[in-house]
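Asks: Residues per chain, in single letters:
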Amino acid sequence: MAALSVMTGGGSWFLALALGVTLLKCLLIPTYHSTDFEVHRNWLAITHSLPISQWYYEATSEWTLDYPPFFAWFEYALSHVAKYFDQEMLNVHNLNYSSSRTLLFQRFSVIFTDALFVYAVHECCKCVDGKKACKELTEKPKFILSVLLLWNFGLLIVDHIHFQYNGFLFGLMLLSIARLFQKRHMEGAFLFAVLLHFKHIYLYVAPAYGIYLLRSYCFTANKPDGSIRWNTFSFVRLISLGLTVFLVSALSLGPFLALNQLPQVFSRLFPFKRGLCHAYWAPNFWALYNALDKVLSVIGPRGFLRCLILCALSSFMFGWHVHEKAILLAILPMSLLSVGKAGDASIFLILTTTGHYSLFPLLFTAPELPIKILLMLLFTIYSISSLKTLFRKEKPLFNWMETFYLLGLGPLEVFCEFVFPFTSWKLKYPFIPLLLTSVYCAVGITYAWFKLYVSVFTDPPVGKTKKQ
Amino acid sequence: MEKWYLMTAVVLLGLTVRWTVSLNSYSGAGKPPMFGDYEAQRHWQEITFNLPIKQWYFNSSDNNLQYWGLDYPPLTAYHSLLCAYVAQFINPDWIALHSSRGYESQAHKLFMRATVLIADLLIYIPAVVLHCCCLKEISTKKKIANALCILLYPGLILIDYGHFQYNSVSLGLALWGVLGVSCDWDLLGSLAFCLAVNYKQMELYHSLPFFGFLLGKCFKKGLKGKGFVLFVKLAGTVVASFTLCWLPFFTERAQALQVLRRLFPVDRGLFEDKVANIWCSVSVFLKIKDILPHHVQIIVSFCLTLLSLLPACVKLTLQPSPKAFRFTLVSCALSFFLFSFQVHEKSILLVSLPVCLVLSEIPFMSTWFLLVSTFSMLPLLLKDDLLMPSVVTTMAFFIACATSFSIFEKTSEEELRLKSFSVSVRKHLPRFTFLPRIIQHLFIISVITMVLLTLMTVTLDPPQKLPDLFSVLVSSVSCLNFLFFLVYFNIIIMWDSKDGRNQKKIH
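Listed in order, the protein sequences are those of chains E and Z.
So the first sequence is numbered by the numbering used here: it starts at 751 and just counts up by one.
So the second sequence is numbered by the numbering used here: it starts at 20 and just counts up by one.
A hint or two may mislead.
[To be verified] Here are the computed lysine-lysine pairs in the DSS-like style, where the Cα-Cα straight-line distance is at most 30 Å:
| # | chain 1 | residue 1 | chain 2 | residue 2 |
| --- | --- | --- | --- | --- |
| 1 | Z | Lys160 | E | Lys1138 |
| 2 | Z | Lys155 | E | Lys885 |
| 3 | Z | Lys160 | E | Lys885 |
[What the hints assert, rightly or not] Output of the computed footprint for chain E on chain Z, the stretches with three or more beta carbons under 8 Å from beta carbons of chain E:
| # | segment |
| --- | --- |
| 4 | 29-43 |
| 5 | 413-425 |
[Stated by the list, open to error] Just some of the chain E residues that point at chain Z, by a computed CB distance under 7 Å:
| # | residue |
| --- | --- |
| 6 | Cys776 |
| 7 | Pro780 |
| 8 | Met936 |
| 9 | Pro1120 |
| 10 | Ile1131 |
| 11 | Tyr1132 |
| 12 | Ser1135 |
| 13 | Ala1192 |
Keep in mind the hints are simulated off the structure, nothing from the lab.
As the structure is a prediction and not an experimental result, all values here were calculated from the model.
Where a beta carbon is used, it is the ideal one built from N, C-alpha and C, also for glycine.
Extracted from the complex, chain Z is given alone in its bound form (with noise of 0.2 Å):
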């Protein structure tokens, strides 16, 4: 492409900031006997290579499970094996079996961070610069200007470079996979995506969009012709790729079955800690845990789950496009974390995704939607530390895209996608055309609640009474905003339609 030295000077930004941010701490630094996320994926590395596979999810004298035991599917034990061959050639204390535990050094540090910035450079920022210079009718400027907005999203990089985990390997492989599938690519798209949620089972958030646009694709080739023929091969290849990834494990029955239990832990209760969906919101009201029985809050959640996303999904599988199968992406990942089981805070991440890929198109919903979601992630990254990378990055963020796709100019009932439906609503109710103006009230209502309760966590001390206070508002009010959000995606994919397009052109 032309301009690619401008490409070029985005990743490399991106990178810059991404390591400026490794420099800060990581989760559980310094805090025995648990330690933190980092801890967990050093021990990971540990018990990988010093144990043999099948030892690798079972209980034992050599792997405790209560510290730390392995819950991420199989992909990720091979990439900690990976890792951990590395650090047995630079320094074996550091994943030496038992006296390794709560290792930390500076140089270990570099090391665990670096194999971060590898994997991300690897794999998701080759994925992100594709999908914009794959970005139809825009110009070369504004492609650059999108993928300077996606690597600067905060987030992604607080939780991984900060935080320290590996979401840019399951998103990165997310993302070919929807590359892929977008692109006609479908088989190579399936593998990638049957990839990603081999390496973390939350991206079975984003499974049911993927399901119903092949099936969908599949329908409208003809059921009896090549849309069978595609059918079969998208099965084959979703079959062989997950054999492929947990042949270790069949050998035995309870192989299987228990890896499968370490990656949904059932028993663990409809959500922990704070975090920013439905349930925890309402439990500050109404105690759901207490009043209503394990498998009856199983199946609530699960229902309503369904309920939330079926329209959008349905829908997509009856007119798959590219575009409908991003937004329903969204629509769908953020169901699932509004309603779903043992949801954490960081499965935000998962939403952020699609959303980035929406950037382009309504760019002031979505830099709306992304500062929220690292607003909703504030009570963890104050717990590690990161006060000052969250407000620097969040800041560049916010700037990159005001100037990147003047977003306060994008206000209107075309821009923000809701004509078709203002269009329906005004057969109605003549005089329904404020909603552009009640939005934009609400997005400065919802900054300042963000500044504010921001300031407030950091500045003061929450009441003796009520120590969670701060933490649980931040969460209440991401759960507000969340809950907009879904209504508002859901909105555009149901009135989303051809029509729309081709009003936009006779304009």
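Chain E extracted, bound-state conformation (with noise of 0.2 Å):
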């Protein structure tokens, strides 16, 4: 009884949260899941089944191996747990096969990697400034992060629903930000290095690193003033992150080297004209260059927190085939920022109601109605009245105009799914209601990204003496 009691003492809230979720996660697992789940089965089984050689070729199924080598191995060691459960679901030939056990199976694979989230974002709360001490645990910053970030709507329907597994790559990336907070500078290269080879996307967020890992990794010391002191680069330290980049990069595509498959691979990666993909990637860099070193000259871990979501937020509006889901990418590191400044939890609140209810068209089916929406208004809901409060002695979080806005995403919803179904245009035109939602966030999120921008530039100077 003395251990129980132990255990459901003081600082458990954490891991009643994290319990909490999880036990939700499980009640969300005869849900609807959308063709992600095959295209995951379908790795199940060419990893499982074919040789290393035959991965990147295998086609049998529309849904082609399109993720770097580690989410093979991944999916490949999934297999060996999976086959205690249902054999047949590791059958390439067995195309949309979805039984119970494989059903139970994949879905408690999502849940059970998760743990990696719980544990980064555990991480992340350790840095987390608790100057603002309160003895009340549902006003500290901590228990408020800790529930944006555990309980994210879009977190919970895009994995736990829709069915993907961005749980524990978003524990990668917060892990490794958490790590560049704590000056752990090494570590955290090494997992963001591991993630790009997870889940490419994540290039999208690569120059903020890679400028931040050189401004404050490479130089080690700074002028009074903030500005670099170019004669204490550390040519060590450089190598040194080189060659962690290097290693990871050996590891995960040196098989495929040495099968001479690396077009290969990185056709299926990038499944553009080489073109394209130097097109695309151009203007984002060089437009962000400037204010990447602007803002990292001045503000450390922070600064560099701010340029990863610009970087984020900046390719999910410029850049080709982006999906609504990558808007998760700005939407979890904006939770860090956003119980340290009012400014922030602002920007965060639009960006996140927004963003949120962008994803919205994922779960198109009448039994998920219900959760979307619940889910929605117990994050919104939660989300706006915990961060106004923490930030209540300062002005408010929204004036008239974004409060418009983002009460007007109630009776868009009710329109697009209540009234418009049962009009005459339904027929005609069929697209209205995803029209206009994309319409309607992309300002909610403009907004949000200019606003962020305009932050970045305009915040007053703070000596690099602070204690992060």
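Two chains, two separate frames, one set of hints: put the complex together.
Replies: Written out as structure tokens, the structure is:
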């Protein structure tokens, strides 16, 4: 009894939050899942049944392997557990196989791998400023951040309903960010390199990492005003960073280099013509370079985080073939900033609410309608109210325009899901709800992007001595 | 209230859990020819919509009472009629006379589940929120945590949103009754309770405490003055509400009698199926049903029930207070559950509701009871293919209670409300200090037994000679636990005194 009482004592709120959301994820097991379910089943089959040399050539199913090799190895590892659930799912020719045991295994694998995300959130909470120490648990920044991350609406519906493995991937990213905050730069770099070889979409934020590590790790000291002290450049550190990235890449791509399959792998990972690939990268990188340097010279890891979010948002807005789910790449890191300053909280709330609403079209089935509305309301009401309470001593978070815009999401949803299907326009113009949703959300996301961009430049310079 | 947003979050979470549970299977899914409670409810919509009121409770060629005949009071029938009107608007095939028998489809399931959610949202959930907001001497955070735990109670969620029933309506109305009566809005409270009884006759389990409490209030106000006025007003309210509900059935004597016959099927015997009460457990060793003649069974059951609940009810009448009222609701409903006639395992929910109301006062024992109550329905839940939601919601409830109330730290005599009792016993046995430790050990044994039995029932097959072995074990173990709780709650009620409260303040 004493042991049990220790377990459920004071510091256990984090455990309770983590267990609570895990149980909610278990309840979401019987919900609708998208074709991504079949995608991952297919990859389990490919990596289990076929030799490595066939992995990136196999095309029995339309869902060919198009993630980097580490993810393939991850599926390979999972497949060894899968065979105890249902051997049939590992057959490459069993297209669209979804027995109840397959469903159970796949759903549990997502829930289980989320453990890395939970650990990463725990580490991020350590990096959050506890200066506004209040006795009330629910008003502590750590508590609010834990809820915003662990119970993030977007992650819940994309991972545990739609079906994907973003949980542990974002766990890797948040962990690498936390390590950079904790000044464990090598670990941060290593984790990010590993992440890149799990899912290459994170290349979007690589510039932020590159510049920050170059700037704050390779140059070991700064002048008093914060700008670069050129003579403190450490080649050793640069080389060790490069070596880390190189070794990770070698581990990942090495086998395929040996098999002379690199071109095939790249053609799967980047399914565009070479020209397009370069074309959409260039404006992102160069346009952001100036901003990155200016920010990083002043504000340290927090500035790095801002740039990461800017990179993610900019590529979401200007990139090609961007999926709605990529908005999570901006939302999750932004949560870390939101509990720090009122201005960031305001931008975060607009970005998150709009971004989450833009995910609604992903779940279009009737049984899931109450779930998405209830969870969206839960997250939105909690996030807005808790951040308002946290920053109640500063000016209000939203002006009237922003309030109006956010409230407008309600009528928009009512119109798109409840009114429109019963009107005559449904047959002639069935795309109208999607169009309205995309346009309305684009306004909000662009506005948030713009505000973030401006805040990067207009924030007063702070000395680097601020202990993060 | 401050922190309203946390309360809203709790309600939204409760609704989300309810809806996700409803995605699972329901009672009798895909099992012709009789199906289950889900089909019963659909059938009642069919009957009430297509047939005139006079035929609802009577056997006829259009209404075969053997196939899920109406056996709840008129308010359920009116509710079914209301749902039927909506169903007619969406898809008349769902309630077409005769041809809709056994109708199952994804859309229909959505509709039925939605009706449960709407009824819950309108009646039960507001009552729970109001109850928690009105709790005295508790911080806002604890009120919200209390609401979270009550809304996460697995038993009600699994039965209403899994198995499929409308318990939230009757329990919600009863809760409004409790709230009204506790806040001195006696007429509204008794009206709400009468509506609850007219929705499901099992609410009669709660009727004696209501009667005792209100009678006690009348006595306190003086039988010659205000008390008498109150008594008359209450009687009037009860008569009026019953008349209103039963109006269409008062036109002919045969009508009313037939409804009563359907509501109280005394011919059906002491118990059916495996239920965690005395009769079923004793019949493992002693076949009571065969030994005693039918009318003797009724008398024995009646006497035992009355004997076990009388002390608490009398004390409530003599010393009425909202706190005593809630505890008496628990003990009275538990007595009925354990000793009464034709009890179904789902009737444990009638005990669970008052226990939820005392969660803030004795969190440890209440959590324990609520876990056992969910466990006692395990065979039913397994039959409905609800293992995963049962396990998940039970764990969620346990975690919520453990973190909200720090229940494992609150096991002293004082916190278990056993101080007065222990003090009295210590006058005769000075060394009687080990009660909390015994209770802690019993808790651990109980939990381990429940977990083991659950694992066994799920993984093993029962031996061929004893096909009902696991159901019987589950109900017997639950019955033992319930007997312990009956004794415990009666001790609290009988030894609770105003002195006890003063002592607490001095410390």
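Asks: Each hint needs a verdict: does it hold in this structure or not?
Replies: Verification of the supplied hints:
Restraint check: the Cα-Cα separation between Z:Lys160 and E:Lys1138 comes to about 18 Å, which is no more than 30 Å; the hinted pair holds. Distance check on the hinted pair: Z:Lys155 and E:Lys885 sit about 22 Å apart at the alpha-carbon level, within 30 Å; holds. For the hint linking Z:Lys160 to E:Lys885, the alpha-carbon distance of about 12 Å falls within 30 Å, and the restraint holds. With a cut-off of 8 Å between beta carbons, the segment 29-43 of chain Z has 10 residues touching chain E; three or more are needed, and the interface restraint holds.
Against chain E, the segment 413-425 of chain Z contributes 7 residues with a C-beta closer than 8 Å to a partner C-beta. That satisfies the three-residue criterion, and the hint holds. Here the hint on E:Cys776 is kept, as its CB sits about 5 Å from the closest CB of chain Z, short of 7 Å. Interface restraint check: E:Pro780 against chain Z, minimum CB-CB distance 5 Å, threshold 7 Å, status holds. Against a cut-off of 7 Å between C-beta atoms, the interface hint on E:Met936 is violated, since the closest Cβ of chain Z lies about 37 Å away.
Proximity of E:Pro1120 to chain Z holds as hinted, the smallest CB-CB distance being about 5 Å (cut-off 7 Å). Evaluation of the E:Ile1131 hint against chain Z yields a held restraint, the C-beta minimum of about 6 Å falling below 7 Å. Hint on E:Tyr1132 holds. Least Cβ distance to chain Z is approximately 5 Å, under the 7 Å limit. Interface restraint check: E:Ser1135 against chain Z, minimum CB-CB distance 3 Å, threshold 7 Å, status holds.
The beta carbon of E:Ala1192 is not positioned within 7 Å of any beta carbon in chain Z (closest approach about 27 Å), and the interface hint is therefore violated.
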